[in-house]
Amino acid sequence: MANSDPPLLSVRELTVTFDAFTAVDRVSFDLHEGQTLAVVGESGSGKSVTALSIMRLVELGTRGRITGGEILFRLPDGAVIDLIQQSESVMRDMRGNNISMIFQEPLTSLNPVYTVGNQVAEAVMLHQGLDRAEAMDRALEVFELVRIPEARQRLGEYPHQLSGGMRQRVMIAMALSCDPTVLIADEPTTALDVTIQAQILGLMRELQNETNAAVIIITHDMGVVAEVADDVVVMNQSRVVEQGSVYDIFERPAEPYTRALLASVPQLGSMAGRDEPARFDLVGEA
Amino acid sequence: MTDVMMPDQQELVPAGRDAWRMFLRNRAAVAGLIMFFGILFMTFFGPMLYDEDPNDIVARPFLEPGTEGAPAMGTDYLGRDVLAGVINGGSTTLTVAAIAAVMIVAIGVTIGALAGFYGGTVDTVLMRFTEFFQVLPALLFAMVVVTLFEPSARTISIAIGLVLWPSLARLTRAEFLRLRNLEFVKAARAIGSTDLRIISRVIFPNALPPLIVSTTLVMGAAILFEAGLAFLGLGDPNTLSWGLMIGLNRGNFLNAWWTVTFPGLAIFITVLSFSLIGDGLQDAFNPKLRGR
Amino acid sequence: MRTAAAKIAQSLGLILAVIVLNFSLIHLAPGDPAVVIAGESGAASPETLAQVRADYGLDKPFVTQLGIYVGQVARGDLGESFFFGRSVTSLIADRLWPTVLLVGTALIFAIVLGVMAGTFTARRPESPASHAVTVLALIGYSMPVFWTGILLVILFASVLKILPISGMHDVEFDGGLLASWLDVARHLVLPALTLGVIYLAQYSRLSRASMLEVLQSDYIRTARAKGLAEKVVVYKHALRNAVIPVVTIAGLQFGALLSGALLVETVFNWPGLGRLAFDSILRRDTPVLLGVLLMAAVMVVVANLLTDLLYRVIDPRIRVGARRTRTKVST
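As you go down the protein sequences, you meet chains Z, C and A in turn.
Mind the numbering: the first sequence is residues 2 to 287 in the numbering used here, read in order.
Mind the numbering: the second sequence is residues 196 to 487 in the numbering used here, read in order.
Mind the numbering: the third sequence is residues 72 to 402 in the numbering used here, read in order.
Keep in mind that a hint or two might mislead.
Derived Cβ-Cβ restraints for the label pairs, each shown as a range [what the hints assert, rightly or not]: (1) I385/A <-> T23/Z: 35 to 45 Å; (2) Y382/A <-> R133/Z: 39 to 49 Å; (3) A203/A <-> S88/Z: 55 to 65 Å; (4) N213/Z <-> E284/A: 57 to 67 Å; (5) A385/C <-> G128/A: 17 to 27 Å; (6) P242/C <-> I385/A: 31 to 41 Å.
From the structure, some residues in chain A lie toward chain Z, with a derived Cβ separation under 8 Å [claimed, not checked]: (7) K297; (8) H308; (9) N312; (10) I352.
Don't read these hints as lab results, they were simulated from the structure.
By construction, the Cβ of each residue, glycine as well, lies at the ideal position given by its N, Cα and C atoms.
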């Protein structure tokens, strides 16, 4: 997708090391407003570490260190900052606010001892300076936005009372609660049942239409890529081996590695009987 | 018949030699091992090397170590040699703890294995029984038993054995619950092994590593327990032990610190050696948990 | 999950079992059960023994005797201490409070400080403080509690003469209520420290391990991705999850804690149940000894119930039952 606007997020020559191991090696890509970019590769290819680096979460909770490159982010006021150079307190203001993230394991990604409403409202209170009651109202709004049935009642429930798909909806609601400009989804459907996967992917696409957030989706599944992505970055062994629009990648994969990834897609579901990517019908859109 | 299941078993038990090598690389664990052998050596060869009867009055009472005419660790309230006491006081403690440990392992492993293997009603009944023993305050129960029956080494060993097994039973049960549905156990069932054989020859060897660690720690607990009883004067009145030495000098320790410090140090080092060995074994069997 | 009612019924069952155990011990002990019940090491007068035989129905069939014994205990009658000439129940009631005070203080001290130390060191796993926790835990576990107490007494009697080393009140004490509390508090410091320090060592190590594990979990990453400050991440999101295993172990160890209190009371002349039990052994005052055993078992049972309650407060997975069939309880 050719885009003449300056990118919203521009990752340039990003390098991340874990002790002696280089997990991300000079990775570069751009993300534009309203775009959905898929970063694909096998586990261990460095795609998740790339995502955590954008959030600057590699240094928190893992042994990773960002050792090179820049991550340029355009703020809503137009100023461009390098996330790598920002202090932890600036990053805290960004996380969950300008850039938010959802994770692979909805079962374990929510704190078991607090209600889901609380966990969503917490981010709203932090970033938007609302009081508790207002934040709970906002939580209800985003619960309804992500089509959680009986949303008001769900607010007071604990994660273990919800199904996996419902928990992932809560995670998405939490991520969208402060109207981020960039949403990073790290394997958002991998841990879910196939039918739930389709629902969540459909929901994400609908939400993107409604909110106009740019999305980075991290996945190993070319089927998911076909369904949601505009552009694709293929990673293998810590490096970007190929990038381009989703049609180019599916029609004319240049790299043998990309061809291998494509060949491993089960020709089922929405891809059954087709070789090209096609978007499936949106859930609830008649 | 056994041969069929051997490969699976081997995969689950951490290779003994690797664990041993890990253990020897752990400085704290090796220090524990050295301490333990030091205590054993002192207890069983010490009396030959330091030929002094701990019950003999060798000098004036309350001679501080380092003063003229005092033995290396001074003398107690009767003028007995404290060093001789420390050297001779270990055998009762170690023997009682060893007998108690055998009992603890026998009761704990049997009950835990049956509960974990059979589950259902057997499990419920056995775990209620275990809970009952966990509710009994161990030292008090042992005190009552020793008071009502004669305070001999045998009674004391039995009393300690009776109260310290529940934690081992719980651990064994948890291990058996974990292992009983694994493939190699199913394989053993499929070829028609008896329950007894599955419990003792198939599951038990795989549950061994945590049980060994736990048994080591239980030895330490049994020693502390024996020392506590002896300190209260509930030990075997006819034999000297470290705990008894501290108990006997209880009224005088403010003027004679050495009479209680050295026997206590002996107990401490013995228990510490078991703790260090247990910790080292834990790390060796399960390197992932290192340093926790 | 078991309901509260079932839990209480089970607790009562355990206490009944301890009563039956006491009864069995009286009959298993060598010699005449009447002598055992009377205590005094066989020095009781024939009239006393006859009285005991009549009270406990010792000429009746075994099952009837058990029934009489259980009935008496259930009514709060634990027999008579011939040494004190008082009912065992009133003796125990007098000594209960000091033991509860000692054990409670030691436990709170150990848990609060232990969790704080564990949390602090878990955030800096390679720091000297972190290694110190491991070492101190090993040392604390390996020291005989009565020996630790004696060493503290020696230290505070000869070098640091700032705290009382024996008893619960000053002999010549005279003052108001507040001053009297302060006096008790001063006497409490050393015994509670002695008892608490063992568990402090263990709990700091345990909460360090638990905190290390929790800090690696996915929901902590989520909390950080929300933009929460590290303090909020650790103290709001991690801590509550990390204390769950500490509460479990503290509940399981309560019996051991009581055993330790018994030794500590002996060292510091603390007028609690342990001291009473120890003196009763010297006096062959069996009814008191058996009464203390029962009381201690009741304390453990109550402690377990409180642990269960605390669990429900901390962990909603136990408090709030699964409502829908598709719900899966994560571990």
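Status of the hints after comparison with the structure:
1. I385/A <-> T23/Z: 35 to 45 Å: holds, 42 Å
2. Y382/A <-> R133/Z: 39 to 49 Å: violated, 27 Å
3. A203/A <-> S88/Z: 55 to 65 Å: With Cβ atoms ~31 Å apart, the hint is violated.
4. N213/Z <-> E284/A: 57 to 67 Å: violated, 40 Å
5. A385/C <-> G128/A: 17 to 27 Å: violated, 59 Å
6. P242/C <-> I385/A: 31 to 41 Å: Violated: the Cβ-Cβ distance is about 54 Å, outside 31 to 41 Å.
7. K297: holds, 4 Å
8. H308: OK, holds: H308/A within 8 Å of chain Z, min 5 Å.
9. N312: holds, 6 Å
10. I352: violated, 46 Å
In this structure, the hints that do not hold are numbers 2, 3, 4, 5, 6 and 10, in rising order.
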